[in-house]
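Listed in order, the protein sequences are those of chains A and B. All letters in the first sequence, in the order written, are residues 1 to 438 by full-length UniProt numbering. All letters in the second sequence, in the order written, are residues 1 to 788 by full-length UniProt numbering.
Calculated from the structure, these hints are not laboratory results. Fair warning: there could be bad hints in the mix.
25 Å max Cα-Cα, derived BS3-like pairs, lysine-lysine [what the hints assert, rightly or not]:
id, chain 1, residue 1, chain 2, residue 2
1, A, Lys40, B, Lys147
2, A, Lys317, B, Lys118
3, A, Lys317, B, Lys137
4, B, Lys115, A, Lys317
5, B, Lys188, B, Lys395
6, B, Lys683, B, Lys651
7, B, Lys150, B, Lys131
8, B, Lys48, A, Lys370
9, B, Lys150, A, Lys317
10, B, Lys48, A, Lys317
11, B, Lys35, B, Lys11
12, B, Lys151, A, Lys40
Here are the chains, one letter per residue:
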Amino acid sequence: MLKFLNRRETGVSDPVEFYRAETTRRTYNLQLSDKKDVEKLFNGCINSLDIDLIEKRYLLAGGGDGFIIIYDVFRPIGKERYTFPSVGTIALNNRHRHKFSVETVLWYPLDTGLFTSSGTDCLLKVWDTNRLKPADEYQFSGLVNSHHMSPIATKHCLIAVATNSSTVKLVDLKSGSSTHSLKGHDTSVFVVKWSPHNEFTLATGGGDGKIMLWDIRNAKGSLIQFDKYNGTPPQENFEHSSCIAHNIAVNGLQFSADGLYLVSCGNDNALHLWDTTTGRNVGVNYISVSNRSKKSLQFAVSSACNRDLVFMPNDTKRNPCIHALDMMSGKNLYTLTGHYSSMNCCLFHPDFHELYSAGMDRNILVWTPKLDDTGYSSLTRKIKRAIRKTTSASECKIDRKVSENGAMKFNGAEVKDLLSPVAVNPLTADSWSSDEDG
Amino acid sequence: MAEELDETLCKQISGLVQILTTSGKPALNQEVMKKFKKLCRNSDGYVKYAFDIMMKQLHIKHSEVRLSVCQMIDELFSRSHVFRELLLENIHTYFELSTGLDKSLPLPPPKQVAKVMKENVLRNFYLWFEKYGPAYKKLALGYDFMKTCKKVDFDGISATVQRERELQADTDRKMEAIRCEKLQNAAKQWQESEAEIEICVTQVENGLELLLPKPDEFFIPVDVHEVTQSKQEVTTSETMTSSVDMTSQNSSGSSACINKKAEHSEDISKINNSMVDSVSGTDSYCTNGMINRLESDSQSQTATSHDSSPISTSAKYIEPDYPLGSDSENDSEEGVEDSSLGQQHGVFSRQFALTISIGGPENTTVQETEDNAAIIEGIQGQYRLIKNKYLPRVKTWLQTLMDHKGEAPNIQMLTAWRDRLETAVRKCVELEIKASRRNREDSETDDDDFEEVPDKCGYEEDIPEHVKLEAAMTSTGKQNGSKKRFKRKSVAEKKKLKQSAVKMLTLQPRISSTITYDVANDNSEAQEKPDDEVQEPSISQAGSLQDDKQSSSSASSHSTSHIGTTSSHMSDRKQSLFKKAPIVPFGIDIEHWENSDQIKAPSKVKYENAGRFWVPEREQDEGLESAGPSEEVASLTRRTFTYVGHLEPIKWKCRAPLSNGKLCERMDREKCPFHGRIIGRDKGGQPTEADDIERLSRERILKQIEEGFEDSDSDGAQGSKGKGKGKRTRKRKYPNLTDVREKETSRTRLEAKIFNRATLRKVSNALDADALKKISEKFGNQFNYSLK
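Can you make the complete structure from the sequences, with help from the hints?
Here it is in structure tokens:
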């Protein structure tokens with residue numbers, strides 16, 4: 001890190017290089033945070049999480065009993081232990097809440113004053129964040145499995161809604177009505193995702209095991225249907241005439257940050273990586289991850305790493321955990337255990353490099369980069385030495401550079417935190433406690 | 001894992017896990033567990049290894065194994081950080097297997113153990129959470145999860161834990177209060193009686209000091225108890241600067257010792273001799289003789305003649321009221337022998353040592369004289385006080401202080417006091433002040449009287465102790481005089497078994513004479529009381545009817561020899577015995593009491609000349625039935641008694657632990673047919689008495705050994721004969737665990753019968769036949785049905 005800092009100072013390396021390296025290091029070292037906590041307000045399972053795209057500060061969580069809660073995930077600097085407080089709650093006392101479970105919650109990409117939610121009461125609600133009242137409601141014929149808005153859209157304001165019916169509805173917020181319906185799936189659609197690269201590109205995954213890529217400007221048919229065999233199915237496989245992505249239902253889709261790849265998961269415990277430009281299965285051999293949920297599963301893909309990670313919840317009964325898989329190689333890098341029952345959603349915070357996960361055990365857990373004691377202590381020592389060496393001018397430079405980038409601000413904060421001596425917990429410090437009887 | 005694990009250690013760990021988990025006990029063996037922990041302690045790698053093994057064991061479908069594993073996990077969890085991390089990684093598996101919260105995975109049998117395990121695990125988890133919750137996020141999360149999602153009643157658990165803690169604290173507080181109270185009590189008592197004890201001990205010490213001055217006080221001319229000693233003696237001793245430690249306790253002792261000491265240096269001995277010469281004739285003679293003897297053993301002086309006369313005279317001189325002074329006589333004799341032995345070795349310094357050792361036995365007794373009588377009496381009184389009252393009390397106080405962690409200075413003080421008292425007591429004992437000489441003699445003679453009475457094969461047990469004592473007292477009282485003297489002699493003789501043969505010889509005739517006297521006395525008594533003997537049978541009958549006449553009469557003769565000296569006492573005794581004696585109806589056994597062997601079996605009258613032409617076969621070989629008479633006699637003399645005692649209803653149970661964890665409910669009077677004698681047992685059915693425990697364990701071991709033999713036997717039998725019982729029990733791998741294999745239930749039995757193939761066929765055939773019959777009745781005339 002110090003080398004990177006130096007090189008950045010001298011202008012040898014690209015700022016992005018440093019950013020990337022540090023992000024990678026941190027993303028690859030996630031662990032259950034014992035400092036950060038989320039206020040426990042849910043009485044049931046949590047189905048969906050979303051972080052706003054403007055400040056990346058407000059965490060939206062939708063739960064099984066119609067609860068929608070907004071958390072503030074900014075930790076005031078200097079506080080060691082911190083519980084994310086809720087800043088807005090749609091609970092039982094709110095008469096506008098969803099009657100049944102909330103399946104998806106989503107911030108309006110351009111403003112935190114608006115968010116959308118959909119649930120099993122067949123409703124898609126558009127909420128005014130400040131008043132916590134729905135501004136608009138859309139009724140659908142079937143349960144709404146998920147909906148999504150394009151994070152980059154400037155030319156349209158469409159919400160893609162996946163319901164139990166086989167068509168994907170596109171709702172225009174501007175007109176307040178359904179504009180398109182995309183027909184292509186045979187059974188219910190579980191998941192829809194807009195591409196972060198192309199504002200008109202939409203990916204949908206259905207219960208028939210198909211993943212389709214649509215250009216919404218052409219509603220006639222799908223752009224690409226992904227085929228896991230890339231058009232050459234093995235000889236003994238007769239039953240699947242059409243090209244399918246998963247043997248059984250697809251319940252999770254996630255684009256990579258650059259929108260070039262699409263990761264999908266299905267009830268067949270498989271994960272696939274698709275090239276969105278060619279529509280081919282990249283053929284990464286991911287490990288089998290148990291996935292039994294019959295609704296949309298929100299998994300996370302990291303951003304801005306050298307090799308991005310896929311955080312895939314594993315809902316085996318015996319050992320629910322999150323696998324951190326290398327997206328391009330499929331290797332399981334590490335496993336995060338902490339939940340006590342299956343997880344429904346994961347969310348990667350691109351700036352803090354934190355992972356939020358929630359599931360059936362009513363907890364939202366925060367996974368933060370591991371503050372490796374030895375590594376960081378040596379690091380802090382090095383930094384201190386470096387600071388002593390460098391002049392005050394260079395210090396100013398660092399500060400300025402840090403303030404250039406929003407992300408760097410937080411890195412700076414972290415570094416500051418690191419400079420303070422690491423408090424060692426007496427209970428965890430010793431390998432054998434002293435009360436051992438000889 | 002980076003580090004290399006030692007294979008042997010790993011094996012040991014797994015072995016210990018095996019031992020611990022297959023013990024089948026509700027609690028872990030602490031020793032083995034300690035060993036296990038020690039092994040795990042070596043490094044984190046071993047902890048991990050142990051953890052893996054334990055997890056493997058946890059999967060075994062047996063609740064006892066799982067319970068043991070859970071207990072081990074609990075132990076390690078509170079010890080090792082690494083272990084905590086590992087367990088928290090696998091907490092799901094752990095809970096799944098140990099609590100059965102997941103309904104689809106119920107806990108394995110036995111059910112009771114499973115229940116205990118579940119409670120145990122949840123409780124422990126709560127305790128973990130309390131202790132480590134803040135440090136381990138996952139633990140806190142798990143607690144939350146269990147509480148909110150699995151609805152585990154942690155409040156209840158916490159309440160019970162709290163209650164237990166409160167109880168514990170309460171008992172602690174109570175114990176503390178009791179402790180304080182006890183301490184205070186002890187201190188109070190101590191303070192109350194401290195002065196008393198102080199006075200008492202000081203009195204004893206001073207008295208002892210007077211009787212027996214310490215070496216440094218030796219030269220203080222305290223003449224109180226040394227009046228009998230001549231002034232010259234004292235001066236002699238004063239001249240000797242190499243002073244004596246224990247000598248001069250009494251006059252004779254001091255003189256002897258001084259003489260021996262004097263011998264150590266020629267000039268001193270000369271001085272001594274000259275000095276002693278100036279003393280009275282007998283004394284000088286004695287010392288001279290002694291010195292001579294010491295200088296060479298082969299002196300022409302015959303030990304017997306020379307020894308006995310002068311020293312006995314000296315004894316007389318010292319204690320005129322003492323009849324023979326046999327003690328001092330013997331002692332001096334012994335001393336001479338010892339010293340001569342020392343001299344044979346020719347060791348100078350050794351001789352010096354010898355004089356001291358001689359000084360011990362010789363001089364420890366303080367002879368009671370008119371002058372020191374008061375002191376001795378006083379000391380005796382104090383001694384008794386100390387011995388019986390103060391010392392035990394001080395000891396108990398000390399004990400209470402020790403038990404209840406009293407303050408150190410107090411304990412030290414009390415210990416000092418105890419030591420002081422003990423030394424006082426010891427000194428008294430050494431000086432034999434504890435009881436006055438005369439009293440002791442008396443009591444000893446009395447004791448000896450009893451000892452002379454031979455054991456009377458159980459007969460005398462009937463005589464009440466006090467009657468016996470009385471009789472003995474009177475008998476001795478009557479013939480005191482010479483007999484008493486003899487007794488004293490015999491006591492002396494008994495006490496000094498290692499005495500010289502000469503002494504024995506001198507005593508022998510006397511003993512024999514008195515013994516003969518005794519025997520004669522006995523005989524005369526026996527002859528004197530013929531009427532007593534007549535009455536004896538009733539008494540002996542009371543004792544035991546089975547007693548044969550001969551022995552009882554002899555016994556009675558013996559007993560009466562002492563008892564029957566006075567008729568008045570006899571009648572008393574008889575009265576008392578008559579009161580006790582049971583009344584039995586007159587019978588053939590009483591009729592022939594004196595001559596029980598003359599009881600005749602009733603003879604059968606045989607009608608031989610009754611003109612019968614048919615004689616039963618049995619009567620024909622009457623002569624062969626020789627066993628008859630004695631049996632018949634026995635049947636005549638046998639008496640039956642009706643039991644008139646009160647039969648107490650049984651209120652106790654056997655309470656031996658059964659295999660199903662309950663206790664035996666049988667209520668037998670003495671002995672349970674399954675578990676043997678009924679003994680005291682605690683809550684868990686374990687015997688409480690130490691000897692019971694020992695006996696049971698011994699029996700168990702024997703049984704095991706037997707079983708082992710039987711097994712091997714049956715194996716051998718099967719191998720050789722091939723016709724064994726075929727019941728060979730398969731040896732179970734873990735004999736300690738409860739067998740959880742599927743047992744035969746009524747359901748399985750019935751299933752086996754009902755779903756038997758043959759039965760099913762039979763039933764279906766019957767049903768088919770029925771159907772066919774119906775069809776043939778209805779549609780018999782239709783061709784298609786007739787085809788069947």
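Hint-by-hint comparison with the structure:
Under the criterion of a C-alpha separation no larger than 25 Å, the hint pairing Lys40 of chain A with Lys147 of chain B is consistent with the structure, at around 13 Å. Between Lys317 of chain A and Lys118 of chain B the CA atoms are separated by roughly 20 Å; this keeps the pair inside 25 Å, and the hint holds. Proximity of Lys317 of chain A to Lys137 of chain B is assessed by CA-CA distance (about 21 Å); at most 25 Å being required, the pair is judged to hold. For a cut-off of 25 Å, the pair hint linking Lys115 of chain B to Lys317 of chain A stands: about 23 Å separates their Cα positions.
Distance check on the hinted pair: Lys188 of chain B and Lys395 of chain B sit about 15 Å apart at the alpha-carbon level, within 25 Å; holds. At roughly 16 Å between alpha-carbon atoms, Lys683 of chain B and Lys651 of chain B fall within 25 Å of each other, so this suggested pair holds. Only pairs whose Cα atoms come within 25 Å are accepted, and Lys150 of chain B paired with Lys131 of chain B is accepted, the gap being roughly 21 Å. For a cut-off of 25 Å, the pair hint linking Lys48 of chain B to Lys370 of chain A stands: about 22 Å separates their Cα positions.
Between Lys150 of chain B and Lys317 of chain A the CA atoms are separated by roughly 14 Å; this keeps the pair inside 25 Å, and the hint holds. Note on Lys48 of chain B and Lys317 of chain A: the hinted pairing holds, with a Cα-Cα distance of about 24 Å set against a maximum of 25 Å. Using a Cα cut-off of 25 Å, the hinted pair Lys35 of chain B and Lys11 of chain B holds, with the two alpha carbons roughly 13 Å apart. A threshold of 25 Å between alpha carbons decides the hint, and for Lys151 of chain B with Lys40 of chain A the separation of about 16 Å falls inside it, so the pair holds.
The structure meets every hint from the earlier list without exception.
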